[in-house]
Structures are given as C-alpha cells and as structure tokens.
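Next come the chains, spelled out residue by residue.
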Amino acid sequence: MKITQGQFSFLPDLSDQQIRAQIEYAVQNRWAVNVEFTDDPHPRNTYWEMWDLPMFDLRDPAGALLEVNNCRKAYPNHYIRVTAFDSSRGWETPRMSFIVNRPKEEPGFRLNRQEVDGRAIRYTVHSYATEKPAGSRY
Amino acid sequence: MSQAGEVMSDDSERSSVGEQAEKSGQISLEEEFRASNVQEVLDKLDRELVGLKPVKTRIREIAALLLVDRLRAKHNLVTGAPTLHMSFTGNPGTGKTTVAFRMAEILHRLGYVRKGHLVSVTRDDLVGQYIGHTAPKTKEVIKRAMGGVLFIDEAYYLYRPENERDYGQETIEILLQVMEENREDLVVILAGYQERMSTFFKSNPGIRSRIAHHIEFPDYTAQELLAIANLMLAEQNYRFDEAAEKAFAGYLERRMKQEHFANARSVRNGLDRARLRHANRLFAKGGEPTSEELMTIEAEDILASRVFHDD
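These protein sequence lines are chains U and V, in that order. For the first sequence, position 117 (counting from the first letter as 1) is numbered 117 according to our numbering, and the numbering increases by one without interruption. For the second sequence, position 9 (counting from the first letter as 1) is numbered 9 according to our numbering, and the numbering increases by one without interruption.
Next up, chain U with everything else stripped away, as it sits in the complex (with noise of 0.2 Å):
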C-alpha cells in the first residue's frame, strides 16, 4: 500500500529533476530545506528524524538534492521526505513537506476496531511494519 502524506503523494514518485524544482521553489522564497526520514511512517508520527542540519541561506537546490541523495545512500529502505519550513513571523512552520525516498515493498496498516461503553467503537490505525523493531522494519 502507498503511503499517501504530504504534497504530491497521490502522483506517481517524483524523479530528481522534479525534486529540483520543488527545493528551488522553496529556495526562492527563502525557506530552510531539510532532509528528514523515518521507518515508522505512522499518519500521527510528525517528528521523523533529521538528516544533517536544516540548510539555510541556500541559494541553489543543488545543495539539498546533495543530502537528498546522501540520505537515500544511508537509508534506502526508509521513508525519507524534504520539508522547507518557512521562518518568518506568522509563519514559523513548515510550508511544504513531501516524501522523496520509500522502501521498496509497505505493507501497510491495520484498523483495529475496541469495543467500549456499550456499542461505541474506538479506532486505532496499525502499522503492520512496526512489528519488528525500529531499524529492522523495511
């Protein structure tokens, strides 16, 4: 199952150039860029861990894809996803996040339904790769 988060996750995968060109739109208008990737992609697990420092005052994508493409060397079988979060007041928070690297086979998640109180039904969502530990799930 493809994981759809963040922008451009219902189109097919992107390819370097069109990364590019996303990192120099967010080049453009002056945010950071970071490289951040995770093997729990659960919908509710915002903080993944970060690769390398957020790069500021970049001037040309060619910088990010660099890390992009070092991280993909390190994790190959991670979710690893480019954020450009955007400093300035009113803002401070991430504009754009999408995801650039996935391992190669999601098996994808799980609802399990609780009864409580009578009829009432809680949802959880499960991640079916969760189950082995962290570092061993893809």
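Read the hints as simulated data drawn from the structure, not as lab findings. Treat the numbers as computed from the prediction; the structure is a model and nothing was measured. Watch out, some of these pointers could steer you wrong.
Capping the alpha-carbon separation at 25 Å, the derived lysine to aspartate or glutamate pairs in DMTMM-like fashion look like this [stated by the list, open to error]: (1) V:115 with U:24; (2) U:73 with V:272; (3) V:115 with U:40; (4) V:115 with U:86; (5) U:104 with U:92.
Ranges of calculated distance between the beta carbons of each label pair, as one might list FRET restraints [claimed, not checked]: (6) U:40 with V:60: 55 to 61 Å; (7) U:135 with V:79: 41 to 47 Å; (8) U:87 with V:273: 41 to 47 Å; (9) U:25 with V:160: 53 to 59 Å; (10) U:30 with V:122: 33 to 39 Å; (11) V:223 with U:70: 49 to 55 Å; (12) U:95 with V:292: 53 to 59 Å.
If you want the footprint, here are the derived chain V segments under chain U, 3+ residues with CB under 8 Å [stated by the list, open to error]: (13) 113-121; (14) 146-152; (15) 279-292.
Where a beta carbon is used, it is the ideal one built from N, C-alpha and C, also for glycine.
Guided by the hints, dock chain V onto chain U, whose structure is given.
Using the frame of chain U, we list chain V on its own:
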C-alpha cells in the same frame, strides 16, 4: 503597450536569426558572444579595474572557452564541463576580491554557474573548534555556495603544518572531494599572498592539481595607482585639483618605497586621510563652503601627510 510591442519584435528578430543559422547549419561565434552579454561585463572590467593585464587576458580566454563549448554543444560535439577552479595570488590590495566578484558575474552570464552569487569565506567559516565540528561547518558553507562561486580568502591558513592535529586538514579533504565531484555545481577560488600560497600548494599537491587556473595579480605601477585614486575619488564625488594630483603622485612615489605598501588599499587609506584633512580645513575656514570647495581636494590636504615628513 509600446514596450510590449518592442519586446515582441525583438523576439521575432532573434528567432529569425536563429532560423537562418539553423538553415545554414552554422551558428556564428559573434552572435553567440553578443547573446551572452559578456562584452558588457568585460567592458565594465576594463573601465573599473585599472591595469591587471594578465588577469584580464585570462578572463577573456575563459570566456572564449566557455562560448566555444556552448557552440560545440549545439553541434552535438562532446563537451566536458571544464574545471574552472582558480587560485588568485598577489600582493595585498591588488584586486583579488574585486575580481572574484566579477568572476561570479561573468561565469553566470556564460551559463557556467546557475546563480552567480559569491560566498566569501576565511578559515574561521570553514574550520570548526572541536572534533566533529569541522565537517558540518565546511559542508554548510559549500552547500550555500552551490550554484555560485566559493571564494576562500587567505586560503593558506587552512593548512597549519606546525599542528598536525589541526582541523584545517579535514576542510581541505572535503574541499578536494567537492571540487572533483560537484564541478558543475560550484567554482572554488582560492586567494592569498604569493609566497604563502606557493608553500600551501607545495604541501597540498592534491589541491594544486585540481586548480586549472593559477592567476597572478601583478603590483600596480605608480601611474596605475594614480588612475585608481582618480576613480576612487570620482566614485565618492571628490576630485583633485591640478596641484593636488601632482602632490598625490609624489605621495605615491614615497609611499611605495615604504614598508607595508598595500597597493590599491594604501591608496584608499591615503585618500581617506586626505578627506579627513580636507574636512578639517573647511571647518577651520568656517563660513559656508561652495559645492566646488566641498568636492575639491587641494595639495595642502595631501602634503600634510606623514609620508612627506619622515625624512
């Protein structure tokens, strides 16, 4: 409206020229040269930088090479991205930094670098203070410089032979790797004083061989320095009167023989001090100075210099 019309006609003209070229299967070198607007930059270089003959020649050669490469690409000939890393060596105040800024612009016009900005750094910006600090610091600077020119001033400070644990070595290694692998992403320019740079290259042969262009900046002659002084004054809306120009020529002659003469930088400092005395003179005189007086530096402003009284 009329402006839009002009742009359109200009465009159609250009495309018809392109068609002609395609028809004959030839693209003329002059056309390509004109399209790149590089002449403008070269002219500016000639106008604003006095002397520096070898430097200007080399810049022209590089411009020619890049243009020819572009033409070759249009003819589907193999064009390897040429190595454009450079080292600028010369005495203090010979214009190394100024030329580096121009270089970024020229390379941008020629389409060799994508953005054409210059990131100017020294040892402090590259080398860290503790173990593991250097690599991220250097990499950050390199990433910022990508798409433009990385200018490392006084590059010989990166290598400190007296301390074998110096982190500068790590910076050099990262630089070497980037200069080789990311040639199309950035151009590295190292600058420094002649002798110290040559010892630096001797102890780091890897760097020397990765730099294609070793450009030497010659010292200025007295005449060139005077021309520079006039340019500097004109920039700040000042000028010499006739006697003052003669006095300044005499000042230069004496100053050049003294120690620590730093070419254009010494000229700048000398002029700054002359301005100081000029202001003081006007102040002592009182009243309301005319704009002519405000602009003109007179001989006495210069002759009061310490240089004339030392002997």
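Where does the structure disagree with the numbered hints, that is, which hint numbers, in rising order?
2, 3, 5, 9, 10, 15
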